Every structure is written in structure tokens, then in C-alpha cells.
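Chain by chain, the residues run as shown.
2 protein chains.
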Amino acid sequence: MSDIAEVYRHRIERVRAAMSERGVDAVMLSAGHDLPYLTGYEAMPLERLTMLVVDQHRVPTLLIPRLEVARVEPLDGVFELQPWDETDDPVALAASLAREARTVAIGDQMWARFLVELLGKLPGVEYRRAVEVVGPLRMRKDDAEIAALAAAGAAVDRIAAQLQAGEIPLVGRTEAEVSADLSARIVAEGHDRVNFAIVAAGENAASPHHHAGARVIGEDEIVLCDFGGTMKGYCSDTTRCVVTGAIPAEIAEAYEILHTAQRAAVAAATVGTACSQVDRAARQVIEDAGYGEYFVHRTGHGIGLEEHEDPYIVDGNDLALEHGHAFSVEPGIYVPGRWGMRLEDIVVATADGPVSMNNSDHHLISV
Amino acid sequence: MSDIAEVYRHRIERVRAAMSERGVDAVMLSAGHDLPYLTGYEAMPLERLTMLVVDQHRVPTLLIPRLEVARVEPLDGVFELQPWDETDDPVALAASLAREARTVAIGDQMWARFLVELLGKLPGVEYRRAVEVVGPLRMRKDDAEIAALAAAGAAVDRIAAQLQAGEIPLVGRTEAEVSADLSARIVAEGHDRVNFAIVAAGENAASPHHHAGARVIGEDEIVLCDFGGTMKGYCSDTTRCVVTGAIPAEIAEAYEILHTAQRAAVAAATVGTACSQVDRAARQVIEDAGYGEYFVHRTGHGIGLEEHEDPYIVDGNDLALEHGHAFSVEPGIYVPGRWGMRLEDIVVATADGPVSMNNSDHHLISV
Numbered sequence: 001m002s003d004i005a006e007v008y009r010h011r012i013e014r015v016r017a018a019m020s021e022r023g024v025d026a027v028m029l030s031a032g033h034d035l036p037y038l039t040g041y042e043a044m045p046l047e048r049l050t051m052l053v054v055d056q057h058r059v060p061t062l063l064i065p066r067l068e069v070a071r072v073e074p075l076d077g078v079f080e081l082q083p084w085d086e087t088d089d090p091v092a093l094a095a096s097l098a099r100e101a102r103t104v105a106i107g108d109q110m111w112a113r114f115l116v117e118l119l120g121k122l123p124g125v126e127y128r129r130a131v132e133v134v135g136p137l138r139m140r141k142d143d144a145e146i147a148a149l150a151a152a153g154a155a156v157d158r159i160a161a162q163l164q165a166g167e168i169p170l171v172g173r174t175e176a177e178v179s180a181d182l183s184a185r186i187v188a189e190g191h192d193r194v195n196f197a198i199v200a201a202g203e204n205a206a207s208p209h210h211h212a213g214a215r216v217i218g219e220d221e222i223v224l225c226d227f228g229g230t231m232k233g234y235c236s237d238t239t240r241c242v243v244t245g246a247i248p249a250e251i252a253e254a255y256e257i258l259h260t261a262q263r264a265a266v267a268a269a270t271v272g273t274a275c276s277q278v279d280r281a282a283r284q285v286i287e288d289a290g291y292g293e294y295f296v297h298r299t300g301h302g303i304g305l306e307e308h309e310d311p312y313i314v315d316g317n318d319l320a321l322e323h324g325h326a327f328s329v330e331p332g333i334y335v336p337g338r339w340g341m342r343l344e345d346i347v348v349a350t351a352d353g354p355v356s357m358n359n360s361d362h363h364l365i366s367v
Numbered sequence: 001m002s003d004i005a006e007v008y009r010h011r012i013e014r015v016r017a018a019m020s021e022r023g024v025d026a027v028m029l030s031a032g033h034d035l036p037y038l039t040g041y042e043a044m045p046l047e048r049l050t051m052l053v054v055d056q057h058r059v060p061t062l063l064i065p066r067l068e069v070a071r072v073e074p075l076d077g078v079f080e081l082q083p084w085d086e087t088d089d090p091v092a093l094a095a096s097l098a099r100e101a102r103t104v105a106i107g108d109q110m111w112a113r114f115l116v117e118l119l120g121k122l123p124g125v126e127y128r129r130a131v132e133v134v135g136p137l138r139m140r141k142d143d144a145e146i147a148a149l150a151a152a153g154a155a156v157d158r159i160a161a162q163l164q165a166g167e168i169p170l171v172g173r174t175e176a177e178v179s180a181d182l183s184a185r186i187v188a189e190g191h192d193r194v195n196f197a198i199v200a201a202g203e204n205a206a207s208p209h210h211h212a213g214a215r216v217i218g219e220d221e222i223v224l225c226d227f228g229g230t231m232k233g234y235c236s237d238t239t240r241c242v243v244t245g246a247i248p249a250e251i252a253e254a255y256e257i258l259h260t261a262q263r264a265a266v267a268a269a270t271v272g273t274a275c276s277q278v279d280r281a282a283r284q285v286i287e288d289a290g291y292g293e294y295f296v297h298r299t300g301h302g303i304g305l306e307e308h309e310d311p312y313i314v315d316g317n318d319l320a321l322e323h324g325h326a327f328s329v330e331p332g333i334y335v336p337g338r339w340g341m342r343l344e345d346i347v348v349a350t351a352d353g354p355v356s357m358n359n360s361d362h363h364l365i366s367v
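If you read the protein sequences in the order shown, they are chains A and B.
Residue numbering for the first sequence is 1 to 367, as defined by my numbering.
Residue numbering for the second sequence is 1 to 367, as defined by my numbering.
Every clue listed holds true.
Which copy is meant is left open, because identical chains are indistinguishable; a pair holds if it fits in one copy or across any two.
Quick list of in silico lysine to aspartate or glutamate cross-link-like pairs, EDC-like style, CA-CA up to 20 angstroms: (1) 232 <-> 177; (2) 121 <-> 132; (3) 232 <-> 189; (4) 232 <-> 6.
Keep in mind the hints are simulated off the structure, nothing from the lab.
The model shown is predicted, which means the values in this text are computed figures rather than measured ones.
Bound-form chain A, shown alone:
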């Protein structure tokens, strides 16, 4: 068995152990990232169903449209292919593979249409989320995964440095033009694909998920850039803000608070600390400074094969961080109609303390 097959086989064994513990008889995975985590194969989200069925009894079966078979890298002992033809009913085939299961766990991002059809074909089954059995494994990144996150992080850091050095023109360009520029750099720095490149200037920066548009960037404005991609399967994600010219006193002051909050949350992200406490560490600084109402989102999200995955750094999440948990720490301050700012690194909790995957300058720089 090849080394890579051994990695996947081991992961499947750990999923099976988690299934036993939690009383899950079968796991069904389709579009989404659990499938590549266990097989190396990423299904296109399509109306033609691709589905891995894992139980305790046999080699996992990968149901796949026959015309996708050529795209699969076979891995002996990891899974067996079961191609289906254009006039077959793939959901019936999947139901048949799980016909003895009383509890079935479903991949998060499978299209609901397939689950609706399964409900009719496997009545009386209890459905759960596969994240129960796959999520805890995916959360704990191994050394190779941490190295992949670090490499992707270093790539976006190089772009952040270009931004901060004034090498990416801003004034006179539209947000959309700068976003396209960032996207090209994400690929040029070694990513396989761009996941997003938010560029928000001035008052637009007050919308955390602003869609880069036709607004032209002017002088003396804050410009928020939040960008990332996927490199060898693992995601990058960083946010830096710059100002085109003089930094207004109000913005400089708020940024100091933001920077302090971000540092506090990174420092709090030690093994054993609850995710909610990491969120609290950032939020407390911002609340104490009187900006609490302007920090309108959670402090962070897990990251790995997926841009957003467990663990979420949010109030109410009592999960304790473990060695290998990877997540963003990205507090923000958003004053509607006026300006916004966010500072974001990817951080990995380790036995030696929190390690940042992003190390470009954390200050608000005038370009």
C-alpha cells in the first residue's frame, strides 16, 4: 500500500472508531471536504451524485457517475468504485448500500436534494451530521497539514507585504480592479485557486463581506483587503488594512484598539482554552474601548481543506482547543456609513503555544 493510501486508510479507521463510539452505522459523503479528506477525491457539486458510503463491514464504496471515473485516482484498499450509468437511480444505489443502517451521518455540504430522496428510500432512519464523526479528526491537523497551512499563509503574506510596500496601486483604481490584481497575485504566489479577494474602501469597509465593486479608491481612505486561496488542498486567509495617505486620528486610535484585541485573542489561543474564551479575549478589549457595538461578527473560524470549518471562535462554543486546531483570529470594528477595519491571521494551537501562520506587518500602514 502506498504511503498516501496509508494516510487515507488510517483516517477511515479513525472515522470508524468515532462511528462506533457515537452509534453511527453509516456515513454518506458527497460534495464537500470530508470526501477528499478520506479519499483524496473531490466531487464536483453536480446533479449527478457522487457518494462515499462508509460502514464497519466492507471497504468503503464510492458511487460515481461513470463519466467521472477517469478523474478518480484509485487507491487500493481505501475505497472501491461503483460507477453508475445515466439511467440508473444513484440515490437508490446509495440507499441499498446503507439498507441495514439505523443511524446515518450525512456530509454537511451534500446537496439537500439527495437527502430528501434518501428520506423516502430509507424510512425510519435517524439522520445526523457527519461532522460529528469526521469533524473532530479534521480539526486536529497533523504536521503535514500544518506545514501546508504555513506555506499557504506565507504566500498570502508576500502579497500583504506588496500591499503594505505600496506595490499594489490603489488610488484611482476601482475596488474590483484591485480585487482582480490580488487574485492574480494569489495564483502567482503558488495557490491552485482563489477563494476570495475582498477589497473595501472607506465606508464600504464597514460591510464585513463587501463585494468589491465599481467604487474608485481615493486619497486618505482606509482600504481593507481580505484574501485567500487554496494551495495543495489547504486554505489561506488574511486581512490587512492600509490607508491611502494620511491616517485620520480617529482611525489610528481605533486601529490601536483592534491590534491590541487581535494580539490578546492570539495569546489566549492556547491548548485547553475554550473557543468562546478566545472570542471573549478580543471582544473584551474592543468593548472596554467603547467600540463593542461595532464588532458585529464572531472572532474566527476554523480553516484547513475548507475556508470555514470547525472550530468556530464564537461566544457559546465551549470546545477546548487542542494541539493542531487551526483557525482565524480576525476581530473587526465597523462604523456603518463611515469606515471599517479588520486584522486577521490564521493561528494554530500547539503544545508550545499559539503559532501564527501569518506574519506580515500588523500595523496600519500609510501607502
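Given the coordinates of chain A, work out where chain B should sit on it, guided by the hints.
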């Protein structure tokens, strides 16, 4: 009420009529294309739930993460926004909106995680696919939608013409480089985004969904290019093959059969004809010529807001074509390990007969 609000309001009324007919009490839509069809708003597929709940009693409610609110274009009388906060349970809010429903129809592309959670919060409910009530409406394109498909089709036709005129270098470049070139042209010709740009040379063309890779295109090879994007919400999709140099007799002969099959299926695509019969028209020609085993996929898929939607042109689909149905007609012949070919146009069934949205040269051209 604005004109555009009137379009959406009218669509929602037709969905409600279909719900009454089919005994559906509530429709829940999230990621996917039913939501923009009814509201103009496209939800990012995210772990933060966006969901439109439509029933017979009140203005549809759009549950939305508070930090996405700024991205929504409000449409009075079409829907009401209900923002939720980071520590709310949005699935519980959705369940509460549908608490009196006994039959709930779920959007096809909603992430299954949300349906798994709904199952626990709305027990005893019968779940169906929303395509039952929204699909028939979306299938029948109105004049504005047909015009949008025609404009997107004309844009990819211009690229096909560039390919056929030899203006897109092939020999010596990798498939991936040509794919990137096609992608840039898709945007340059007016699309908002690229959906795919398959480039498959020689034996790679035998894999219908080949992923453009590092293979360098050589002389005297067939090169299959299948590409499309989204322009003002509506999709394009066309396939043309060219040969880099001399066309081998075997390939020329097979292409004649393919061309005849494609023409036969387009001609068969009249109002009232079953989708299965359109598939049969293409397949019969290819089978009669002895290539039946090499035509491994359905003849086509519907297209509109989505690249693949109803109606599917496939054996077993007895749906009769109606005025405004839009779909691909794309037979192929794939000889494993040797070569492949496909010829694809988007066609709209109309009262005046089938109308092709793609009109670039249908012949196999040597470049």
C-alpha cells in the same frame, strides 16, 4: 412597486399556486438558484444560513446573517428581511417560521447539514424537493430570459470563432494554459464569471469531464474545448473541437456522424416532443453508425440561471418540451485511450421550432 419587484412578486405568486396544487405548505430556499429566481438575491454557500421561507399567509421571510444584510437589495412587497445574530440558531428560526407546515419543500442545493437539523426541529413533516414547485416555472424561460441566453451564447460563439480561426494558440501550450486563455476570453466577452473551460487534447478528449492539465498539445491532434460562463445571471455553454493540422480519416468520419446526430437532435427538439425522444434522435444516429458504446452520457441538460437544471435530455425522461424550455444538445463519441469529440449548442424549444443559441461553425476545422 418597481418593475423588477413586480417580476419577482409574480414569480412568487406562481410558486404559491404550484404549492396549492401539490399540497406543499412551505418552501425553504437557501444556496442555489431558486432563491435568486424569486428574490434577485444569491446566497453565498456558507455555514451561516440564508433561507427564504415562502408560505401562503405572509410576505416571504428572508432569514439572513446580519453581516450579509448590506449585500441584499431590498424589494418591498417581495420579501421581508429577518437578520439573525452570531449567537442565534438560524435553523430554529427557520423551523419556527414553518411550524404549522405539514409538507415542506426544500431547495435542491441547500447544504444537507441544515436539513439534518430541520429534521430534528420539525418532526413528522413530509419533505419534498422544491424543484417540484419552482422547477416547472424556471424551465419555461420568458422572452427576457431567452434574450439573456442568446446574448451569453453569442459571447461564447465569438470565442469559438477565434478558436476556429486559429487565433487561440494551441500547439506547444498545455491544456491548462489554453483553459486559462479561454477563461480570460469568457470574461473579456462580457461574462460576469467563468463556470468552466474544459480543454482536452488527443486521448484526454475521451474523458468527457477531463480536467485541463499539464499535457502539452501537439500537432495533428483533436482538441475539445467546452466552455461557458454566467452573463447577467444566465449561463452559456458550448463545445467545439478543432484539429491541430491534418484531420485523420477515422476522426473525420466519426465527426460526420457526430454532426449528423447533433443536427438530428436539434431538429427533434420541438414543442411537445419528449426529452427522451430528443436523446433518442442523437443516439440512434450514433448507434446506427456503430459508435453506440462510445456515447456514454445523456444528450443534454437544461440551462438558465444554472449550468445544469431541468429539463434533462436523457432516456427515461418523458417530460414533453414546452415553449421556452432551454437545454444543451451535446452528443459525444469517446474512444478510451485514443480520442474523443463532442458538439454542443444550447437550444430553446419555441412555438416556431427549435432555436439555437449557438451558431459558430459546426464543422471540424483544421487550425
